[in-house]
Amino acid sequence: MKRLSLESKVLNENQRVADSLRQRFRENGVLCLNLISSPGSGKTALLEQTLAHLDPTTRVAVLTGDIQTDNDARRLARFGFPVKQITTGGTCHLDGRMIERHLEDWSLADLDLLFIENVGNLVCPSSYDLGEASKIVLLSVTEGEDKPLKYPSIFFKSDLFILMKVDLLPYVPFSAELVEENARRVHPGMEVVRASAVAPGGLDQWLVWLRSRIAAAKGSQAFAAAGR
Amino acid sequence: MHELSIAESILDAVRKEIALHPGAVPLRVGVRIGSMAAIDEEALTFCFEVVVHGTEWETLKLETKVIPARRICNSCGNTFIIEDYNSVCPACGSEDTRADGGDELDLEYLEVETDEAPVP
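Heads up: the protein sequence lines correspond to chains A and B, in order.
According to our numbering, the first sequence is numbered sequentially starting from 1.
According to our numbering, the second sequence is numbered sequentially starting from 1001.
Quick caveat, the hints were computed from the structure, so don't treat them as lab data.
Among the hints, a few may not be true.
[Unchecked claim] If the Cβ cut is set under 7 Å, some of the chain B residues that face chain A in the computed set are: (1) His1002; (2) Leu1011; (3) Glu1042; (4) Ile1072; (5) Asn1074; (6) Asn1078; (7) Ile1081; (8) Tyr1085; (9) Ser1087; (10) Ala1091; (11) Asp1106; (12) Tyr1109.
C-beta: ideal position from N, C-alpha, C; glycine also.
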């Protein structure tokens, strides 16, 4: 018997595709964000309101994943930006190849921001790198404060936690402080913003975070170009 | 439930490796799973059995090992295993620490039976 050392990632094929996507996003100054949450936390609602409130000069596109239907793409297309539905037909997550394939007829040079709305699921999407600059996890106040402890991987891997539906806080037994504390136990120092897709000003903290990240992505593209 | 896709990826990797070693029969494949990798060890083992069942790979066994999440202290350089989400350095008490792995999903080894004569 002989033991062969393998020392590679199980998902090395996905990683190869994700690395190549990440490089293309960087070269084109596109900020790519991968939104992950349970079904019904408010990913599509957040995107609708973000598209409605973003500076009109920001060139944005959305890839939205679901197991079935193109309902989300139809909801998002109303804002006049390019939107494509990725229907996985049963698969519980998006992978790098699906992103690569759906980007084929878009020019990245014409984009500043690409949102990927993952399939509603707090577990499986966390294993698949899509070439994003950041994963963002959403959780709403109608879920439980202990979700970060029950689903630590996605909180561990995300750069930002958006607490959704904060307009409902007066009506539900939910402690925003406790959920934030739990998120930071799993991911010390994690950035958190509170958001509501329906309350006036409910996106303010999120839009501040988003604009600073778009500016940083443009800055690093200019820096990379100058260094060439 | 993405363990089935993961199990298929593991078998793909074994197929590729075995192609490089003609005549070798794979016995065991070893995988390292970080505690923050969002992979259920039991579900993966079950899915792997399903994936190889009734195929030429039926005798191949999956061996898994869970790797605990670790942090490195930015003050004293100590590496420590996180217990109960406590991210404070146990050596110097600093709260300034950073993640060191924990989301691994790595192929570690493949044990094969070969028809090569053992090296004397």
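Structure-based check of all given hints:
1. Taking 7 Å as the C-beta contact cut-off toward chain A, the hint placing His1002 (chain B) at the interface holds, the least distance being around 4 Å.
2. Using the Cβ-Cβ criterion of 7 Å, the hint placing Leu1011 (chain B) at the interface with chain A is not satisfied: the shortest such distance is roughly 10 Å.
3. Taking 7 Å as the C-beta cut-off, the interface hint given for Glu1042 (chain B) is violated, the closest approach to chain A being about 14 Å.
4. For Ile1072 (chain B), the interface hint is violated, the least distance from its beta-carbon to any beta-carbon of chain A being 12 Å, above 7 Å.
5. Interface hint status for Asn1074 (chain B): violated, as the beta-carbon distance to the closest one in chain A is roughly 11 Å, over 7 Å.
6. Residue-level restraint check for Asn1078 (chain B) is violated (minimum Cβ-Cβ distance to chain A is 15 Å; threshold 7 Å).
7. Violation of the interface hint for Ile1081 (chain B) is found here, the shortest Cβ-Cβ separation to chain A being roughly 15 Å, above the 7 Å cut-off.
8. At a threshold of 7 Å, the smallest CB-CB gap from Tyr1085 (chain B) to chain A is about 4 Å, leaving the interface hint in force.
9. For Ser1087 (chain B), the interface hint holds, the least distance from its beta-carbon to any beta-carbon of chain A being 4 Å, beneath 7 Å.
10. Here the hint on Ala1091 (chain B) is broken, as its CB sits about 17 Å from the closest CB of chain A, past 7 Å.
11. The beta carbon of Asp1106 (chain B) comes within 6 Å of a beta carbon in chain A, closer than 7 Å, and the hint placing it at the interface holds.
12. Against a cut-off of 7 Å between C-beta atoms, the interface hint on Tyr1109 (chain B) holds, since the closest Cβ of chain A lies about 5 Å away.
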